[in-house]
Amino acid sequence: MQNTIIIDGQEIIFKDGQTIMDAALAAKIYIPHLCHYPGLTPHGNCKLCTVNLGGKSVSACTTPAMSGQQISNNTAELNEARTTVTQMLFIEGDHICPSCEKTGNCKLQAMAYHLGMLDEHFSPFYPRREIDASHPAILLDRSRCILCDLCVRASREIDGKNVFAIAGRGIAAHLIVNSSSGKLVDSDIDVSDLATNICPVGAILIKEQSYTIPIGKRIYDQQTIVEVGLQEAISEKTKHDHD
Amino acid sequence: MPIAAESQSDHLLHVLYTLQQQHQHISNQSINQVAAEFNLPISQVIAVAEFYSFFYRSPRGRYHLLFSNCTSCGYLATGKNLLLALGQRLGVVAGETRADELVSIGETSCIGMCDQGAALLINGLPMVGLDADRIEQAAQLITAETPIEYWPAEWFYIEDHIHQPGLLLENNGSPGDSLRVALKCGANETLKKIQQSGLRGRGGAGFSTGKKWQFCRDAPGLEHYVICNADEGEPGTFKDRVLLQNYAGAMFEGMTLCAFVIGAEKGFVFLRGEYRYLLAHLQTILRQRRQSGLLGKQILGQNSFNFDIEIVVGAGAYICGEESALIEALEGKPGIPRVRPPFPVTQGYLGQPTVVNNVETLIAAAHINLHGSDWFTVIGTEKSTGSKILSISGDCLSPGVYEYPFGISIQQVLDDCGAANVQAVQVSGPSGKLLGAADFKRKISFEDVSCGGSLLIFSQHQDLLAVNRNFANFFTHESCGFCTPCRVGTQLLKNKLAKIINGRATVDDVAEIKHLGLLTNQYSHCGLGQTAANHILHSMENFPDVFAGCLTDNSYTPQFDLDAALEDARQITLRDDDAAHLKN
Numbered sequence: 001m002q003n004t005i006i007i008d009g010q011e012i013i014f015k016d017g018q019t020i021m022d023a024a025l026a027a028k029i030y031i032p033h034l035c036h037y038p039g040l041t042p043h044g045n046c047k048l049c050t051v052n053l054g055g056k057s058v059s060a061c062t063t064p065a066m067s068g069q070q071i072s073n074n075t076a077e078l079n080e081a082r083t084t085v086t087q088m089l090f091i092e093g094d095h096i097c098p099s100c101e102k103t104g105n106c107k108l109q110a111m112a113y114h115l116g117m118l119d120e121h122f123s124p125f126y127p128r129r130e131i132d133a134s135h136p137a138i139l140l141d142r143s144r145c146i147l148c149d150l151c152v153r154a155s156r157e158i159d160g161k162n163v164f165a166i167a168g169r170g171i172a173a174h175l176i177v178n179s180s181s182g183k184l185v186d187s188d189i190d191v192s193d194l195a196t197n198i199c200p201v202g203a204i205l206i207k208e209q210s211y212t213i214p215i216g217k218r219i220y221d222q223q224t225i226v227e228v229g230l231q232e233a234i235s236e237k238t239k240h241d242h243d
Numbered sequence: 001m002p003i004a005a006e007s008q009s010d011h012l013l014h015v016l017y018t019l020q021q022q023h024q025h026i027s028n029q030s031i032n033q034v035a036a037e038f039n040l041p042i043s044q045v046i047a048v049a050e051f052y053s054f055f056y057r058s059p060r061g062r063y064h065l066l067f068s069n070c071t072s073c074g075y076l077a078t079g080k081n082l083l084l085a086l087g088q089r090l091g092v093v094a095g096e097t098r099a100d101e102l103v104s105i106g107e108t109s110c111i112g113m114c115d116q117g118a119a120l121l122i123n124g125l126p127m128v129g130l131d132a133d134r135i136e137q138a139a140q141l142i143t144a145e146t147p148i149e150y151w152p153a154e155w156f157y158i159e160d161h162i163h164q165p166g167l168l169l170e171n172n173g174s175p176g177d178s179l180r181v182a183l184k185c186g187a188n189e190t191l192k193k194i195q196q197s198g199l200r201g202r203g204g205a206g207f208s209t210g211k212k213w214q215f216c217r218d219a220p221g222l223e224h225y226v227i228c229n230a231d232e233g234e235p236g237t238f239k240d241r242v243l244l245q246n247y248a249g250a251m252f253e254g255m256t257l258c259a260f261v262i263g264a265e266k267g268f269v270f271l272r273g274e275y276r277y278l279l280a281h282l283q284t285i286l287r288q289r290r291q292s293g294l295l296g297k298q299i300l301g302q303n304s305f306n307f308d309i310e311i312v313v314g315a316g317a318y319i320c321g322e323e324s325a326l327i328e329a330l331e332g333k334p335g336i337p338r339v340r341p342p343f344p345v346t347q348g349y350l351g352q353p354t355v356v357n358n359v360e361t362l363i364a365a366a367h368i369n370l371h372g373s374d375w376f377t378v379i380g381t382e383k384s385t386g387s388k389i390l391s392i393s394g395d396c397l398s399p400g401v402y403e404y405p406f407g408i409s410i411q412q413v414l415d416d417c418g419a420a421n422v423q424a425v426q427v428s429g430p431s432g433k434l435l436g437a438a439d440f441k442r443k444i445s446f447e448d449v450s451c452g453g454s455l456l457i458f459s460q461h462q463d464l465l466a467v468n469r470n471f472a473n474f475f476t477h478e479s480c481g482f483c484t485p486c487r488v489g490t491q492l493l494k495n496k497l498a499k500i501i502n503g504r505a506t507v508d509d510v511a512e513i514k515h516l517g518l519l520t521n522q523y524s525h526c527g528l529g530q531t532a533a534n535h536i537l538h539s540m541e542n543f544p545d546v547f548a549g550c551l552t553d554n555s556y557t558p559q560f561d562l563d564a565a566l567e568d569a570r571q572i573t574l575r576d577d578d579a580a581h582l583k584n
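Protein chains in written order, with the numbering used here: chain A, 1 to 243; chain B, 1 to 584.
Please note that a few of the clues may not be correct.
[As the list claims (entries may be wrong)] The calculated lysine-lysine pairs, modelled on BS3-like cross-linking and capped at a C-alpha distance of 27 Å, are:
id: 1; chain 1: B; residue 1: Lys433; chain 2: A; residue 2: Lys56
id: 2; chain 1: A; residue 1: Lys183; chain 2: B; residue 2: Lys333
id: 3; chain 1: B; residue 1: Lys383; chain 2: B; residue 2: Lys433
[Unchecked claim] Here are the computed distance ranges between Cβ atoms for each label pair:
id: 4; chain 1: A; residue 1: Gly54; chain 2: B; residue 2: Ser208; range: 18 to 28 Å
id: 5; chain 1: B; residue 1: Asn306; chain 2: A; residue 2: Glu227; range: 24 to 34 Å
id: 6; chain 1: B; residue 1: His581; chain 2: A; residue 2: Gly54; range: 31 to 41 Å
id: 7; chain 1: A; residue 1: Gly54; chain 2: B; residue 2: Asn306; range: 35 to 45 Å
id: 8; chain 1: B; residue 1: Ala579; chain 2: A; residue 2: Cys97; range: 30 to 40 Å
id: 9; chain 1: A; residue 1: His121; chain 2: B; residue 2: His581; range: 20 to 30 Å
id: 10; chain 1: B; residue 1: Ala579; chain 2: A; residue 2: Pro124; range: 21 to 31 Å
id: 11; chain 1: A; residue 1: Pro124; chain 2: B; residue 2: Asp463; range: 45 to 55 Å
id: 12; chain 1: B; residue 1: Gln33; chain 2: A; residue 2: Glu232; range: 47 to 57 Å
id: 13; chain 1: A; residue 1: Gly54; chain 2: B; residue 2: Pro558; range: 37 to 47 Å
id: 14; chain 1: B; residue 1: Phe38; chain 2: A; residue 2: Ile131; range: 43 to 53 Å
id: 15; chain 1: B; residue 1: Ala466; chain 2: A; residue 2: Cys97; range: 31 to 41 Å
Worth flagging that the hints you see were computed from the coordinates, not collected in a lab. C-beta: ideal position from N, C-alpha, C; glycine also.
All chains, full assembly: derive it from the sequences and hints.
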């Protein structure tokens, strides 16, 4: 008997060990997500991938797929909640798209478009967070950080380093750098690290590269976040199959 | 010194605490030193130091005073702002350290002294019964730099206030009694007794203790662990304080019993940092139990029965009452709740099968094993057997600890503690239920109103919105920051509530706060966020007039005061004429 789960009425096959997110992406079903990246240990902090499993809200990225699960994903109620959560991420930091180098390449922005978010709704918090421009090639602007933890995991799990961590509690949580000075320049980060390149927003940027691709020709000018999300899963799978 | 050897001084939280004691804060140098010593990334040590409220990255005063901000033992409890009074008297602002580094003051979440009047922690030691006089005297002692050991002893004397003992509080048993019974009838029979007693977790969640022990016992692992959750942080709860002070032997006995059943050789008590003053007392009892052969190698002469207990002291984080966050803290990490499943019974401390039980649950288990399950099931209700120990505080004549059979009505409790003219009762703390008179006939039990142990009473003269504001501040402060709905949602709820309290809100704002509250509850990662909006939602449901009475008739008002926002511009342009003001 095959292992199957049902997402929005569609029955899909899953392999042992897969989460609902893994199974969905493999079956080309998009579940909105920001803190998940195929190949990294799922974390479940952004809560955009919340789906309804038998009346309960669960994170698709951390919940194991189990035979017979009935899951709602693309519903008006869930998408409305996802919009509110996205608005929360916008107002918590400084996300002024027109003046951000990452515009067009930013997953938060693309998510807002995907969900049809028309405004930020809440009053912005305008946090005071440190900018770290110490590194010759990499800029860290914490005011745009959404605390997704992707750079933390990428550095630890893929780059074999430990460049980032999240410190502080509650609304004071912030990204820190693992070096004696706390500055990027004294860390062992490299431009080619996955940690440098995985940032879904404009918090970690490669210097002097921000406008090599003009606005209008950027990732989400060509594709939707749905297409990109599904491609990331495929390329991870291909990589895996070659291993 | 034997105490140092027993207090697991090599735990990361303890090392940080000791360094802070020496330097009044955790300096960068200390961070580097600890990182090297523990072979940890610097960032991980910083993450821990910045997570817990009682750790400071900049110097505190030699006298460091943290006022409780609980509705019962907080600095506003006497009707006067004691925090402000002391700050003005000593010339120091809350959250800051005076320039001469003599004194710093601040506020902290409930310190579990709700039956003792207004209270604070001075250099970690609870000082109770605060009033304006005592604050003035304290200011003089601080100014004179009198060491705390020379301050009046009665300021630090904490009475038990056990007003109504029951099944557990009346029985203290002799050390080892329950264990001897266990050894005689074996682990299977012992577990069966716990299961037959119907004992459910006393922390509030109410999971079957017998089932938990069974799952853990059956789970494969290199080691098994038993953890006592002595991190009662729910504002208004102090029954574990009284239990730790008077019934710690039974608690350790319960842990040892659990170890016998699940096959653990190691146990931990995670003691909340606010109760550090109880550490020496608990160590003494542990020492006595070792000497009596009730802990250590070959307990009561049984060859294969080895078990010992270490106490780890927390550092100010309500979230560590959540069992997986507690385990993270025990592992020397920030107390961020894990993704569950897997549950601790299969993957807990260091990834091994672990039982986490509340203080009261373990004490009950020890007694059930000694007296038999029938002794327990004859009282209580069908689904909530036995008794419940309540911490009662707020507007009543006799705040303190009361033990009742499950199924007692809230009205009966109110009558017993001398509460008259009651407007509302917050059952089980801010994360529980806010109930009005219509619900006082309801019963405390898992099948009706479940209660982890806190009952906060608010009389008719209390401003419920101020209570809501207090609770909203609490959750904002205690949110761990891991997930978006809780991290941002608790802050937004706090801001929205402020708008209502300031009389700037419209009906739309009420709808909005409800929407936000439901979203925070539904989409948060753990129990903290999932209950953080309860108090507001219950307030709206049970006391609709409270909100309606504060609203403006306008269809829309901005979040901020437009005219006040122009103040900077007026100052810069040296204007204060009519045209420089907006009409409201």
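Consistency of the hints with the structure:
Restraint check for B:Lys433 and A:Lys56: the C-alpha separation of about 21 Å stays at or below 27 Å, so the hint holds. Annotation: proposed proximity of A:Lys183 to B:Lys333 holds, straight-line Cα distance about 22 Å (limit 27 Å). Between the alpha carbons of B:Lys383 and B:Lys433 the distance comes to roughly 20 Å, so the proposed pair stays at or under 27 Å and holds. For the hinted restraint 18 to 28 Å between A:Gly54 and B:Ser208, the CB-CB distance of approximately 21 Å keeps it satisfied.
A beta carbon spacing of about 59 Å between B:Asn306 and A:Glu227 contradicts the range 24 to 34 Å that was offered as a hint. Our hint of 31 to 41 Å for B:His581 and A:Gly54 is violated, since their Cβ atoms are close to 57 Å apart. Checked against the given bound of 35 to 45 Å, the beta carbons of A:Gly54 and B:Asn306, roughly 43 Å apart, stay inside it. The supplied range of 30 to 40 Å is met by B:Ala579 and A:Cys97, whose beta-carbon atoms lie about 36 Å from each other.
At roughly 29 Å, the beta-carbon separation of A:His121 and B:His581 lies within the given 20 to 30 Å, and the hint holds. Judged by the Cβ atoms, the range 21 to 31 Å given for B:Ala579 and A:Pro124 holds: they are separated by roughly 29 Å. Checking the proposed 45 to 55 Å range against A:Pro124 and B:Asp463 shows it is violated: the Cβ atoms sit about 30 Å from each other. A hinted range of 47 to 57 Å is violated for the C-beta pair B:Gln33 and A:Glu232, which are about 41 Å apart.
The hint said 37 to 47 Å for the Cβ distance between A:Gly54 and B:Pro558, and at roughly 42 Å that hint holds. Restraint check, B:Phe38 to A:Ile131: a C-beta distance of roughly 30 Å breaks the suggested window 43 to 53 Å. Against the hinted window of 31 to 41 Å, the Cβ-Cβ separation of B:Ala466 and A:Cys97 comes to about 39 Å, which satisfies the hint.
Hint check: violations occur at hints 5, 6, 11, 12, 14; the rest are consistent with the structure.
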